[in-house]
Amino acid sequence: MTGCADRMVLLHGLIDGELDAANSVSVEAHAKTCLGCAEELRRLKTIHGLVSAADIRHHAPHELRDRIAEFMEKATAPASARMTMPSRWPGASRLPWVAGGAGAMMGASLALLFAAPQFTNTGVQDQIVASHVRSLLESHLTDVATSNQHTLKPWFNGRIDFAPPVVELADRGFPLIGGRLDYIGGRVVPVLVYQRRRHTINLFIRPAGKPSPVTVTTRREGYSLARWTDDGLEFWAISDVNPDDLRLFHRAFALRLKREL
Amino acid sequence: MDAAYNLARYLSRDPIAAEDVVQEAFLRALRAFRTYRGEAAKPWLLAIVRNCFHDWGKANRDRRGISEEEEDGRYGAPGRPIDDIHLDHDTPEVILLRRREVEMVRTTLENLPEPFREALVLRELEDLSYKEIALLTEVPIGTVMSRLARARQMLGEMLLPRVESGRKAQP
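In the order they appear, the protein sequences are chains A and B.
Using my numbering, read the first sequence as starting at 1 and increasing by one per residue.
Using my numbering, read the second sequence as starting at 1 and increasing by one per residue.
Read the hints as simulated data drawn from the structure, not as lab findings.
There may be inaccurate statements among the hints.
Stated by the list, open to error - Distance condition first, Cα-Cα at most 25 Å in a straight line; then the derived SDA-like pairs of lysine to any residue:
1. B/Lys-42 x A/Glu-73
2. B/Lys-42 x A/Arg-67
3. B/Lys-42 x A/Ser-52
4. B/Lys-42 x A/Phe-71
5. B/Lys-42 x A/Gly-17
6. A/Lys-45 x B/Gln-153
7. B/Lys-42 x A/Glu-63
8. A/Lys-45 x B/Tyr-130
9. A/Lys-258 x A/Phe-156
10. B/Lys-131 x A/Ala-5
11. B/Lys-131 x A/Pro-243
12. B/Lys-42 x A/Tyr-223
13. B/Lys-131 x A/Asn-23
14. A/Lys-45 x B/Pro-113
Remember, predicted model here, so these are calculated numbers, not experimental data.
Here chain B stands alone, though its shape is the one from the complex (with noise of 0.2 Å):
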């Protein structure tokens, strides 16, 4: 379940609607249980929560008429550039410093646009393969390859600097 929760909670980037995905994810999964071929199951859980995103998104800009740029601003969060992200170089906690990186990963990740952002989570986070990864968000391999790249690229330029920093600023 803390998986369908993450990728909902990342795809979605919103707490509250990464409930109601995974909750209609998981009711879709009861119904559908007769078509599941004892495939691996993560994976075909995770397909689920991910059609069930899209839904939520269409069904929600529709309704509400509202872009997806407006929505991000609205939570605030999202929409954040990197450098606003505050770092507490005073505190000699590491274990305190630990919570900031984690923070900051998080918000960047956050950040990526989505198609990188989804094969990051699901690579990094819910370590599945290239093959589930390009079967669930159905593109062919090398597109989940190049979009794995790119991602770690981006996300390289954002954070790198910031946690050498960070790690520096440490007596």
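Isolated chain A (complex conformation) (with noise of 0.2 Å):
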């Protein structure tokens, strides 16, 4: 038995979720009493679940990854150094978002976006994944509870041997609701905690090893992290959020950080 010829587009659409709402209840009701419909419906079904499956894809080979990290990095590494006179780098008009002067970000989040969901530190990874979670088990999120930069910053002082930045961003979503010590690649580094509609950011700051100015979000055992540097540091945040509210994160961060300097 087969579904009625003009039904199948539909059917596709049902199953591609690109039928308005409108259409996908009439399909999905035509597909109750039509039983060709329901039958190729099925099959339709089947084989979308065999086709998604998620390890038919192919994924890129690590001297793959490595090669074109190594090219973003050498082609980005100029652009972060224009980004010391913004007013000189011609892109960054372009670009309302890259307006701080951040030529690197155009290289930075296209690796952000495609280059390396693997970073090569993955030590340093499994311990920051395993903290945030302690964080949260443990109901030790913060030594430190404020939304106050100024109470924040001066809390960090003498407890650890640099001056973190800590900005806040309330108003872009994110309001900081404290800080606190935790101990990362056998050091004791300062992590700000941020919210996101009820979700935790932690964010770890230590000293850059070497500057590099890719910035990687990946997911993790569900988690997503970012990874970037800045004026010798690095950056690490880490949540339970989507990968494009961590990224949207990043820039937030970046953005009010290059402001407040």
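Hints are included, so try docking the two chains, each in its own frame, into the full complex.
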């Protein structure tokens, strides 16, 4: 038995989520009464299930990732040098969100989107994931609970050997809720705690080993991670929000920081 | 990057060529970043990958003077008829069955003619909308829909009997 020829396209549309509400309802209702279409829909769902199974995708080999990460880094390095004189960077005026002079962000966001869902420094990544989970489990999220950067910033003085930047982002939808000290990569590091709709974002800050403009996000055990370096510091943001929100957070943080400096 | 590689791999059906295509695509993307107008980044990059693939295909055919059919033969798998795919019904492990299914779906997908394969990969594996696929492949949206329908039909004809018999064979 076959379905109604004139409804085939609609059935595919239904599977692909391309129909508006009215059409979805009418196609679904039709499939309930028309055996042919019901059968066809079942078939399509099976095929859809088989094909959209995540593991039939091919994944880029490591060597390729490394090669591309390398030339991306080279290509974006000169741009980051230009960041100190944003007015002379011609591309900046064209894209409003890089107006902060972050020419490097062009290449970086390209990398952010595609280049490396895998970090080179897996050990640190694991520690950050573990620390994030611990901070949520043990309700030891903050050592000092404050939404005021001028309270938090001095609190870190004397507790660590560098001054981490602290900015308030409540107006961008990421309220600051406090800070704490944590232990990553064999040293005590400051953590800024933000929220995004009730989700917690932990921002780890430490001196950067070597400057790298590449920013990356990935999903790791269900968490999104973003890493970037700025002004000799390395930032790791982790949360269970979706990667887009984390990108938004990175952008908001970086821009606000530029403005305050 | 997985999206770029995945598309290149399914288009070229050759792991080495796919790497070259992706690398070239990233180089071009980097150069072309100034023309990027803030539209969705994934279709933008995949369009570059697609162009690179076509250039690669052209260059390759010109240089070696071989047709696509001959090329298929060289790399083995794509030209292989579906009946050759070995299904081991005896294994009790579902996980193994699952792996075979994956291989089977991959190979079947690779056997679809290019426009259908492309549409299906973009839709099912990369989750692009009809509109994005239409823009990317430079065809009307109606063509995208009919290609998808045809692709699924072909895939279904080749796959479903296999999958069902494979599953039934499990104790």
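Restraint check for B/Lys-42 with A/Ser-52, where alpha carbons must lie at most 25 Å apart: holds, 18 Å
Agreement of B/Lys-131 and A/Pro-243 with the hint, judged by alpha carbon distance not exceeding 25 Å: holds, 23 Å
A/Lys-45 paired with B/Tyr-130 [C-alpha distance capped at 25 Å]: Holds - the C-alpha atoms of B/Tyr-130 and A/Lys-45 are around 18 Å apart, at most 25 Å.
A/Lys-45 paired with B/Gln-153 [C-alpha distance capped at 25 Å]: The given pair, whose Cα atoms are some 12 Å apart, holds under the 25 Å limit.
25 Å Cα cutoff - pair A/Lys-45, B/Pro-113: holds, 22 Å
Straight-line alpha-carbon gap B/Lys-131 to A/Asn-23, limit 25 Å: holds, 18 Å
Restraint status (C-alpha distance of B/Lys-42 to A/Glu-63 at most 25 Å): The given pair, whose Cα atoms are some 22 Å apart, holds under the 25 Å limit.
25 Å limit on alpha-carbon distance, applied to hinted pair B/Lys-42 and A/Gly-17: holds, 19 Å
Pair hint outcome, A/Lys-258 versus A/Phe-156 [Cα-Cα no greater than 25 Å]: Given that 25 Å is the threshold and the Cα spacing comes to 21 Å, the pair holds.
Hinted pair B/Lys-42 and A/Glu-73, Cα distance within 25 Å: holds, 20 Å
25 Å Cα cutoff - pair B/Lys-42, A/Phe-71: holds, 20 Å
Straight-line alpha-carbon gap B/Lys-131 to A/Ala-5, limit 25 Å: OK: B/Lys-131 and A/Ala-5 at ~23 Å, within 25 Å.
Going down the numbered hints, you'll see the structure goes against none, and every one checks out.
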